[in-house]
Amino acid sequence: MYNFEFEKPSSIADAVAALGGDEAQAMGGGQTLIPTLKQRLASPTTLVSLSNIPEMQGICTGDDGALCIGGSTTHGAVASGAGAYPGLAALAGHIGDPAVRNRGTIGGSLANNDPSACYPAAALASGATLVTNTREIAADDYFLGMFETALEEGEIVTEVRFPIPEVSHYEKFVQPASRFALVGVMVAKFADGVRVAITGASEEGVFRWAEAEAALSANFSSDALDGLILDADNMIGDLHGSKEYRAHLCGVIAKRAVAKAA
Amino acid sequence: MPKDGEIKSGIGASSKRREDVRFLTGNGNYTDDINIRGQAYVFFLRSDVAHGTLNSVDTSAAAAMPGVVKIFTGADFEAVGGIPCGWLVTDKHGEPMQEPKHPVLAHGKVRHVGEPIAAVVADSLEQARDAAEAIEVDISELSAVINMKDAFKEGATKVHDDLTSNLCYDWGFVEENKGAVDEAFKNAHHVTTLELVNNRLVANPMEPRVAIGDYARSDEQHTLYTTSQNPHVIRLLMGAFVLGIPEHKLRVISPDVGGGFGTKIFHYQEEAFCTFAAKACNRPVKWTSSRSEAFMSDAHGRDHVTTIQLALDKDNNFTALRTDTLANMGAYLSTFASSVPTWLHGTLMAGNYKTPLIYVNVKAMFTNTVPVDAYRGAGRPEATYQIERVIDMAARELGADPVALRRQNYVTEFPYATPVAVEYDTGDYHATMDKLEEIGDFTGFEARRKESEAKGKWRGLGINNYIEACGIAPSNLVGQLGARAGLYDAATVRVNATGSISVMVGAHSHGQGHETAFPQVVADMIGIDESQIDIVHGDTSKIPFGMGTYGSRSLAVCGSAMVRATEKIIAKAKKIAAHLLEASDTDIELKDGMFSVAGTDKSVAWGDVTLAAYVPHNYPLEEIEPGLEETAFYDPSNFTYPAGAYACEVEVDPDTGKVTIERFAAADDFGNVINPMIVSGQVHGGIAQGVGQALLEGCSYDEESGQLLTGSYMDYAMPRADDLPFYSVDHSCQTPCTHNPLGVKGCGEAGAIGSPPSVVNAVIDALHSGGKKVAHIDMPLTPDRVWNAINNA
Ligand SMILES: Cc1cc2nc3c(=O)[nH]c(=O)nc-3n(C[C@H](O)[C@H](O)[C@H](O)COP(=O)(O)OP(=O)(O)OC[C@H]3O[C@@H](n4cnc5c(N)ncnc54)[C@H](O)[C@@H]3O)c2cc1C
Chain A
3 MYNFEFEKPS
13 SIADAVAALG
23 GDEAQAMGGG
33 QTLIPTLKQR
43 LASPTTLVSL
53 SNIPEMQGIC
63 TGDDGALCIG
73 GSTTHGAVAS
83 GAGAYPGLAA
93 LAGHIGDPAV
103 RNRGTIGGSL
113 ANNDPSACYP
123 AAALASGATL
133 VTNTREIAAD
143 DYFLGMFETA
153 LEEGEIVTEV
163 RFPIPEVSHY
173 EKFVQPASRF
183 ALVGVMVAKF
193 ADGVRVAITG
203 ASEEGVFRWA
213 EAEAALSANF
223 SSDALDGLIL
233 DADNMIGDLH
243 GSKEYRAHLC
253 GVIAKRAVAK
263 AA
Chain B
1208 MPKDGEIKSG
1218 IGASSKRRED
1228 VRFLTGNGNY
1238 TDDINIRGQA
1248 YVFFLRSDVA
1258 HGTLNSVDTS
1268 AAAAMPGVVK
1278 IFTGADFEAV
1288 GGIPCGWLVT
1298 DKHGEPMQEP
1308 KHPVLAHGKV
1318 RHVGEPIAAV
1328 VADSLEQARD
1338 AAEAIEVDIS
1348 ELSAVINMKD
1358 AFKEGATKVH
1368 DDLTSNLCYD
1378 WGFVEENKGA
1388 VDEAFKNAHH
1398 VTTLELVNNR
1408 LVANPMEPRV
1418 AIGDYARSDE
1428 QHTLYTTSQN
1438 PHVIRLLMGA
1448 FVLGIPEHKL
1458 RVISPDVGGG
1468 FGTKIFHYQE
1478 EAFCTFAAKA
1488 CNRPVKWTSS
1498 RSEAFMSDAH
1508 GRDHVTTIQL
1518 ALDKDNNFTA
1528 LRTDTLANMG
1538 AYLSTFASSV
1548 PTWLHGTLMA
1558 GNYKTPLIYV
1568 NVKAMFTNTV
1578 PVDAYRGAGR
1588 PEATYQIERV
1598 IDMAARELGA
1608 DPVALRRQNY
1618 VTEFPYATPV
1628 AVEYDTGDYH
1638 ATMDKLEEIG
1648 DFTGFEARRK
1658 ESEAKGKWRG
1668 LGINNYIEAC
1678 GIAPSNLVGQ
1688 LGARAGLYDA
1698 ATVRVNATGS
1708 ISVMVGAHSH
1718 GQGHETAFPQ
1728 VVADMIGIDE
1738 SQIDIVHGDT
1748 SKIPFGMGTY
1758 GSRSLAVCGS
1768 AMVRATEKII
1778 AKAKKIAAHL
1788 LEASDTDIEL
1798 KDGMFSVAGT
1808 DKSVAWGDVT
1818 LAAYVPHNYP
1828 LEEIEPGLEE
1838 TAFYDPSNFT
1848 YPAGAYACEV
1858 EVDPDTGKVT
1868 IERFAAADDF
1878 GNVINPMIVS
1888 GQVHGGIAQG
1898 VGQALLEGCS
1908 YDEESGQLLT
1918 GSYMDYAMPR
1928 ADDLPFYSVD
1938 HSCQTPCTHN
1948 PLGVKGCGEA
1958 GAIGSPPSVV
1968 NAVIDALHSG
1978 GKKVAHIDMP
1988 LTPDRVWNAI
1998 NNA
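Just so you know, the sequences run in chain order A and B.
The numbering used here puts the last residue of the first sequence at 264; the count rises by one with no breaks.
The numbering used here puts the last residue of the second sequence at 2000; the count rises by one with no breaks.
Hints are computed from structural coordinates only; laboratory data are not their basis.
Since the structure is predicted, the reported quantities are computational estimates derived from the model, not experimental observations.
Please note: incorrect hints may appear among the correct ones.
Stated by the list, open to error - Once the Cα atoms are required to be at most 30 Å apart in a straight line, the calculated DSS-like pairs of lysine-lysine come out as:
{"no.": "1", "chain 1": "B", "residue 1": "K1979", "chain 2": "A", "residue 2": "K245"}
{"no.": "2", "chain 1": "B", "residue 1": "K1980", "chain 2": "A", "residue 2": "K245"}
{"no.": "3", "chain 1": "B", "residue 1": "K1979", "chain 2": "A", "residue 2": "K262"}
{"no.": "4", "chain 1": "B", "residue 1": "K1798", "chain 2": "B", "residue 2": "K1215"}
{"no.": "5", "chain 1": "A", "residue 1": "K245", "chain 2": "B", "residue 2": "K1662"}
{"no.": "6", "chain 1": "B", "residue 1": "K1657", "chain 2": "A", "residue 2": "K262"}
{"no.": "7", "chain 1": "B", "residue 1": "K1316", "chain 2": "A", "residue 2": "K40"}
{"no.": "8", "chain 1": "B", "residue 1": "K1277", "chain 2": "A", "residue 2": "K40"}
{"no.": "9", "chain 1": "A", "residue 1": "K262", "chain 2": "B", "residue 2": "K1662"}
Could you put together the complete structure from these sequences and hints?
So this is what it looks like as structure tokens:
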């Protein structure tokens, strides 16, 4: 690690001010950032911890019925506190291990947008809204590719609002080493249609599977996905699975997600 | 045989592991826990290219950075010896293997990613790292040879310019039999041929390596603290071959060590560096490996590519076996690298079977990868995997029952001289297979298969036998085979005045539970409580010269030395007792810690005798020396041959290719068992590593760039508790070793040797039950590979 200044503001305003400094970087749970620092792959001058900001903590229900989760809420807190959205709570409960879940945050995960992370699938499949210190961003506009988001320099995710689907499920097929998603599929059925988001599979990061959404909106059963197959070209191919394998898994895992949706 | 738990103390008791109290409460004393006043820290700048010419290493800017004590490069070690290889293999033409120089720090060239180029010693680790970033290294990158088949090709890039090729040796075993073996293949009724890969593994002990060099100018005394399985081996290799330090000026201490699995046997550059630098800097120098460094600097394991052929007659008797293996040495020869694919592998190619003719060819190759050496099982897992896979394949081709085919070909008469130069002293392979059929509940398998099918899963049952050679090794024999060291061990039994005992042993415990099991033996022999006995290990200034722990040798070899030393103690104590009891020492009996005169009620307690030895007021000083301390060295007359039968049941998810292990049974014959609980634990851990190899672990390099693709736990998959079922393990089949005093054989590696073939056999069986006629899949059987095999079948 290189040396850095450490700040732990107690309000969003102070955090944003601190992040305005030269080479300042936000830190959520540090579960991605600290390993990066230890390997000397990042060298911020100032680390601004977001873990002590009450406005960014906790879970509540908004006026429109959406589940609102503070940007610094840990995966563990979502796993135990998001009972109103069981599919989301279960997803959070299977991220990493207890140590990771006790530190890692939803804002950090969504800001990082790892192509194999779980939360991006939930945000996209739910049609969530990402609230930042300056604006609201629809999930559909937020994820721009591997590790890329619509966030501007110094902008922080303060809250995420999840419309609650009638039924949902996140099915994760793990990469055997990291246990991130080799392919993870979130299905969410709303009154006006079904949304399907897939993580882990694509070179472009999390994405919606339009054909599956159409088929499921017409008939919400795993049979509806029979014969649907994604193009392998844009898939990730690596040690853990070829492009073809990932394309195939998307179909299998999507079906399982539908079958288990509750 | 008594049931587990029936024996309460001494030999056969499941005494709780006393060392676990300190390990589990955070009170262990590991090398990294040791901090010496004034110590500096070293950071190694390691090559990030696989192969290149080192044009220059400019340390001038770095040397001026804050906290820097001194920076070393390859040039500083020109006067120093290279890291030695401990085993000279002679090839099939009678020529010695090609032995490249293995520098402490790279000189002239870098040959694998992770090779140390420079070492920065500074007041703090962070300062050392900062300075390392300021070192300017100019490397002209060369094309890398990674794949062994490429390395073997005519005109391939050479890893070592001064060698004639990338071939370390071309070993034929037994060369004289080759013609007869080929002839037998010509006459065979059936030949099964299989090409397979024994995947490269990273040992990954929980504790990464650490080394601290210390030097006392006043008496020219070097001390090296290191995470080693064998401190005396390090003292010998480093002192004599690398740094030229006489033994009496070099003390090597290996305190608590958090797992070794073979990779902590070897003498590494970092140990030599810290010892050397402590003197050069006149400060203690400490190195603690990071996990990332461990992936690219700890010797890797396995990495063989083999074609194996089995010949059978019309009655399904095995008539001949032959193999062609490419074995990866990596870029340099690690301490025992050359012996693993040869003597530790070829000699086991008979397996449990009476195949009369065997020929093994091994070509050891240099590549631009981390050196490869012994890893839990070392050579025997490679042999077992080949034999047990090819037999399973033959059974399938012939429509034979895999158990029956094995049974029909078992060695049943002992001693048995194999056609590959070793003699099995004892064993009963039918007994372990009978036990396996029972604990594996083979009769219930079909019903379980149906249940799996009802869930849309394919279920398979895979079995295998294994035999291994432990208790390494008869020194005169291994000397003839090229070992550059003896392989005896030693123990000193020091009885204290009031009767408690310290046993100084050459074996090193790094998870095996010696501190519990060894006292059980001595307690049993004397008839006193185990708590009266402690063992001392891991410090060359405290223990006799022993060769350490690997090859499941600790109890069979060092334990035998301890028995011999204890016998000497008892003989002397009887003489003292005889004096005290005014009887003849031939009439003295020792039972439950009491010496008595046969046929009388006269007796004297152990503690009275030991006190007399140290307070010799009433003592035959003219006949017996005072004190009670004896040392014995023990050199085994043969290897020991643990053997067993393993069964694995898997479910395969045909949609994803994912394999789950549903049941696992292991029936082992370890000879006599000192502590059944510890033995079970050793088997449990071994199976976890074997399953890891079969399903999860695969060290992988990019074949173009030579970059390590599995350089962290993000990509290198370790087995975890939920990857494994509850095992049924049994070691009640016991044919005691005939040539060591305890009748023990060794159990440390069996699990890792015995489990991979049954896992793979089970997956192949499952695929066949699903109508997919897949002949073979190479390990690790990842979901992706299994799915591909299903798809292409
Ligand atoms: C062993 C292990 C296993 C894991 N397994 C999984 C898994 O199975 N699935 C999964 O999805 N993830 C997994 N993770 C990742 C984990 O969920 C991380 O917590 C997450 O990716 C990052 O969240 P964080 O709060 O720790 O962010 P940090 O590491 O603190 O930050 C990550 C990045 O986000 C930025 N950032 C942090 N918070 C905010 C914010 N509120 N607004 C804007 N930017 C912000 C930081 O500046 C940094 O660039 C695993 C991690 C580990 C170490």
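So, going through the hints one by one against the coordinates:
no.: 1; hint: B:K1979 / A:K245; result: 22 Å, holds
no.: 2; hint: B:K1980 / A:K245; result: 24 Å, holds
no.: 3; hint: B:K1979 / A:K262; result: 29 Å, holds
no.: 4; hint: B:K1798 / B:K1215; result: 17 Å, holds
no.: 5; hint: A:K245 / B:K1662; result: 28 Å, holds
no.: 6; hint: B:K1657 / A:K262; result: 24 Å, holds
no.: 7; hint: B:K1316 / A:K40; result: 29 Å, holds
no.: 8; hint: B:K1277 / A:K40; result: 24 Å, holds
no.: 9; hint: A:K262 / B:K1662; result: 15 Å, holds
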